[in-house]
Every structure is written in structure tokens, then in C-alpha cells.
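Whole structure, please, built from the sequences with the hints as guidance.
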Amino acid sequence: MIYFLKFIYKTFILPPGSIILLLLILSFWGFKRKNKLSKFICAIAILLYIFSTYFIADSLMSSLEKKYTPKDNVSGDVIIMLGGGATLDTPNINGVGHLYGSASNRLLTVAQLYYKIKVPIIVSGGQVYDFTGNEADIAKRILINLNIPEEVIITEDKSLNTDENAEFTKELLDKYGFEKPILVTSAFHMHRALMGFQSVGVSLEPFPTDYYTNIKRSYSIYHFIPTADALHESSIALKEFVGILKEKILP
Numbered sequence: 001m002i003y004f005l006k007f008i009y010k011t012f013i014l015p016p017g018s019i020i021l022l023l024l025i026l027s028f029w030g031f032k033r034k035n036k037l038s039k040f041i042c043a044i045a046i047l048l049y050i051f052s053t054y055f056i057a058d059s060l061m062s063s064l065e066k067k068y069t070p071k072d073n074v075s076g077d078v079i080i081m082l083g084g085g086a087t088l089d090t091p092n093i094n095g096v097g098h099l100y101g102s103a104s105n106r107l108l109t110v111a112q113l114y115y116k117i118k119v120p121i122i123v124s125g126g127q128v129y130d131f132t133g134n135e136a137d138i139a140k141r142i143l144i145n146l147n148i149p150e151e152v153i154i155t156e157d158k159s160l161n162t163d164e165n166a167e168f169t170k171e172l173l174d175k176y177g178f179e180k181p182i183l184v185t186s187a188f189h190m191h192r193a194l195m196g197f198q199s200v201g202v203s204l205e206p207f208p209t210d211y212y213t214n215i216k217r218s219y220s221i222y223h224f225i226p227t228a229d230a231l232h233e234s235s236i237a238l239k240e241f242v243g244i245l246k247e248k249i250l251p
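Positions 1 to 251 (full-length UniProt numbering) are the ones given, in order, by the sequence shown.
Careful: at least some of the hints might be erroneous.
As the list claims (entries may be wrong) - With a straight-line Cα cutoff of 30 angstroms, these simulated DSS-like cross-link-like pairs (lysine-lysine) come out: (1) 118 to 66; (2) 180 to 67; (3) 32 to 10; (4) 67 to 239; (5) 116 to 140; (6) 66 to 116; (7) 158 to 67; (8) 248 to 175; (9) 118 to 158; (10) 67 to 140; (11) 180 to 170; (12) 158 to 116; (13) 170 to 67; (14) 180 to 66; (15) 71 to 118; (16) 118 to 170; (17) 216 to 67; (18) 248 to 66; (19) 158 to 239; (20) 239 to 140; (21) 116 to 71; (22) 71 to 248.
Unchecked claim - Label pairs and their computed distance ranges (CB to CB): (23) 5 to 131: 34 to 44 angstroms; (24) 100 to 158: 15 to 25 angstroms; (25) 43 to 198: 32 to 42 angstroms; (26) 118 to 242: 33 to 43 angstroms; (27) 35 to 171: 52 to 62 angstroms; (28) 249 to 93: 40 to 50 angstroms; (29) 35 to 158: 49 to 59 angstroms; (30) 88 to 144: 14 to 24 angstroms; (31) 89 to 249: 31 to 41 angstroms; (32) 40 to 245: 24 to 34 angstroms; (33) 1 to 144: 42 to 52 angstroms; (34) 244 to 47: 20 to 30 angstroms.
Note that these hints are calculated values from the structure, not bench results.
Every residue gets a Cβ at the ideal spot worked out from N, C-alpha and C, and that includes glycine.
Laid out in C-alpha cells, this is it:
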């Protein structure tokens, strides 16, 4: 019984399910009154439902995440971590500011890689908005708290997007003479990030992390229920597709 109530609650009361239901009701009401907008409203409801299901969200995300696989015997002379957002003033150990979920997963992978191959780290990411934290500075502080020596951490704290990540990180690669960089970023972001670095003449070893989807796909009724999390996943994937298209058209 509890699972049935949870199903009703998540599907019809929480958004986006409640919004989809409302749009369908408005569309039905419009059809009965021969309102020309009813078909448009119905189309919006259908699109919102489609992108709010894990069946579609995971399909979109998986197509991005499966392009690259981390190697067991990875080697290089520097690890590059791309930022992924941070809070500005939330309390943290030895300072303020936290990394967002994707950025935190990237940082954990960077720390694991460092203890495996013991090479310097470049953390790339600035303060994107007035209300967000400086990603490189916060990441550096956390890495130091994880007992990674401060002297092996290099910060690039000016970049505001992926293209600037590549541009400003290349300057550091040239400055320090690194020739075999390893790129750590979210699996869904890796393809666009590599395109950005390739556009400035940098070749990297991809080491994706922060996966949303499993390698072996399985489906249940849950994959067809509209949820805010699935809609968020779809929006991330669609943003990447738009970014990849932009890199191809405007390199």
C-alpha cells in the first residue's frame, strides 16, 4: 500500500507530473470548446512527459557517457580537473563553500588518481556568478584536506565555461611543460570538453567519472513515471548536445 501511495504522490502531486496533468486537463477542456491552443498545450504536455521519464533521460545521457571509458593503466604527467559549480558561503571544514555534486565526484576521482600515479593536479574553474564560489580555490582547499600536498596543486581560477577551461589550462600546460595531461570531468561532459581542448591544440587522455547511467540497462515501470530528477537529467544531456553542436559549427 505504501508503494502505491508513493507512486500516486510522485506521479500526480509532485511536479512535473502535476504540471503534465494540469496541461492535459487544459488541453481536453480546449478540445471540447474547439480552442486552437488545445493542440499546442497537448504537445507541450507530451514533450514534458517524454523528457521527464528516465526511459528517455537515461537514453540521452547514456549516449554521451558511453563515448569514453577510463583506462585501468592510465598514465600521464598531470591531472586536469574541470570545475562544475560551487556554493559561495556555505560552512565547510577549514573554510566556506562546497562543490556541487558533479564537481565533488570529479574531485574524488582526481584524489584517487593522484594517490595512484602521483602527478601534479591542475584545477580549472573560476567564479561563474556573483552568488557562486570560486571553484578552483574551493577544490584546492578540499584536496589539501585530503592530504594532497599543496605544492602539487595548480589552480586556474579565471575560466567561466568549458572553452575558457581549455584556453586558460593550455597556458598552464605550456608554462610548466606538461605533455601528457589526463582530463577528469563528468562522463556526460567529456566529449564536449575534449572538443574544447582540441580546438586550442591540446590532446588529452580522457578519464570520465560522475556517471548517471549504468552500463547494463534495465527497465521497470519507474522508468516511465515523470520525475523532476529525470527532467533534470534530460536537461543536462540536451545542454551537452547543444554545446557539441556549437563546437562543430563555431569551433
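Going down the list of hints, with the structure as the test:
Between residue 118 and residue 66, the direct Cα distance comes to roughly 27 angstroms. Compliance with the 30 angstroms bound is thereby established for this hinted pair. Restraint check for residue 180 and residue 67: satisfied, since their Cα atoms lie roughly 21 angstroms apart, inside the 30 angstroms limit. About 29 angstroms separates the Cα atoms of residue 32 and residue 10, which keeps this hinted pair within 30 angstroms; it holds. This hinted pair checks out: residue 67 and residue 239 have alpha carbons roughly 17 angstroms apart, not beyond 30 angstroms.
Distance restraint check for residue 116 and residue 140: the Cα-Cα separation of roughly 18 angstroms lies within the 30 angstroms cut-off, and the hinted pair is therefore satisfied. For a cut-off of 30 angstroms, the pair hint linking residue 66 to residue 116 stands: about 24 angstroms separates their Cα positions. Distance check on the hinted pair: residue 158 and residue 67 sit about 29 angstroms apart at the alpha-carbon level, within 30 angstroms; holds. Only pairs whose Cα atoms come within 30 angstroms are accepted, and residue 248 paired with residue 175 is accepted, the gap being roughly 28 angstroms.
Taken as a hint, the residue 118 and residue 158 pair is honoured in the structure, with Cα atoms around 26 angstroms apart against an allowance of 30 angstroms. Taken as a hint, the residue 67 and residue 140 pair is honoured in the structure, with Cα atoms around 29 angstroms apart against an allowance of 30 angstroms. For the hint pairing residue 180 with residue 170, the CA-to-CA distance comes to about 12 angstroms; that is within 30 angstroms, so the pair holds. The hinted pair formed by residue 158 and residue 116 meets the criterion: a straight-line CA distance of about 28 angstroms does not exceed 30 angstroms.
Only pairs whose Cα atoms come within 30 angstroms are accepted, and residue 170 paired with residue 67 is accepted, the gap being roughly 24 angstroms. Restraint check for residue 180 and residue 66: the C-alpha separation of about 23 angstroms stays at or below 30 angstroms, so the hint holds. A hinted pair counts as satisfied when its Cα atoms are at most 30 angstroms apart, and residue 71 with residue 118 qualifies at roughly 16 angstroms. This hinted pair checks out: residue 118 and residue 170 have alpha carbons roughly 21 angstroms apart, not beyond 30 angstroms.
With a C-alpha separation of about 15 angstroms, the suggested pairing of residue 216 with residue 67 holds against the 30 angstroms cut-off. Simply put, residue 248 and residue 66 have alpha-carbon atoms about 20 angstroms apart, close enough for the 30 angstroms limit, and the pair holds. For the hint pairing residue 158 with residue 239, the CA-to-CA distance comes to about 22 angstroms; that is within 30 angstroms, so the pair holds. Proximity of residue 239 to residue 140 is assessed by CA-CA distance (about 27 angstroms); at most 30 angstroms being required, the pair is judged to hold.
At roughly 13 angstroms between alpha-carbon atoms, residue 116 and residue 71 fall within 30 angstroms of each other, so this suggested pair holds. Of the supplied pair hints, the one linking residue 71 and residue 248 holds, its CA atoms being roughly 27 angstroms apart against a limit of 30 angstroms. Range check, residue 5 to residue 131: Cβ separation about 37 angstroms, and the 34 to 44 angstroms hint holds. Distance hint check: the CB atoms of residue 100 and residue 158 are about 19 angstroms apart, consistent with the given range 15 to 25 angstroms.
Distance hint check for residue 43 and residue 198: the Cβ-Cβ separation is about 38 angstroms, which falls inside the suggested range of 32 to 42 angstroms. For the pair residue 118 and residue 242, the beta carbons lie near 38 angstroms from each other, so the given range of 33 to 43 angstroms is met. Between residue 35 and residue 171 the CB atoms are about 58 angstroms apart, so this pair conforms to the stated range of 52 to 62 angstroms. The supplied range of 40 to 50 angstroms is met by residue 249 and residue 93, whose beta-carbon atoms lie about 44 angstroms from each other.
Take residue 35 and residue 158: their Cβ atoms lie about 52 angstroms apart, and the range 49 to 59 angstroms holds. The given range of 14 to 24 angstroms is respected by residue 88 and residue 144, whose C-beta atoms sit roughly 20 angstroms from each other. With their beta carbons about 38 angstroms apart, residue 89 and residue 249 fall inside the hinted range of 31 to 41 angstroms. The hinted range of 24 to 34 angstroms is satisfied by residue 40 and residue 245, whose Cβ atoms lie roughly 26 angstroms apart.
Checking the proposed 42 to 52 angstroms range against residue 1 and residue 144 shows it holds: the Cβ atoms sit about 51 angstroms from each other. Between residue 244 and residue 47 the CB atoms are about 21 angstroms apart, so this pair conforms to the stated range of 20 to 30 angstroms.
The structure fails none of the hints (numbered hints given earlier).
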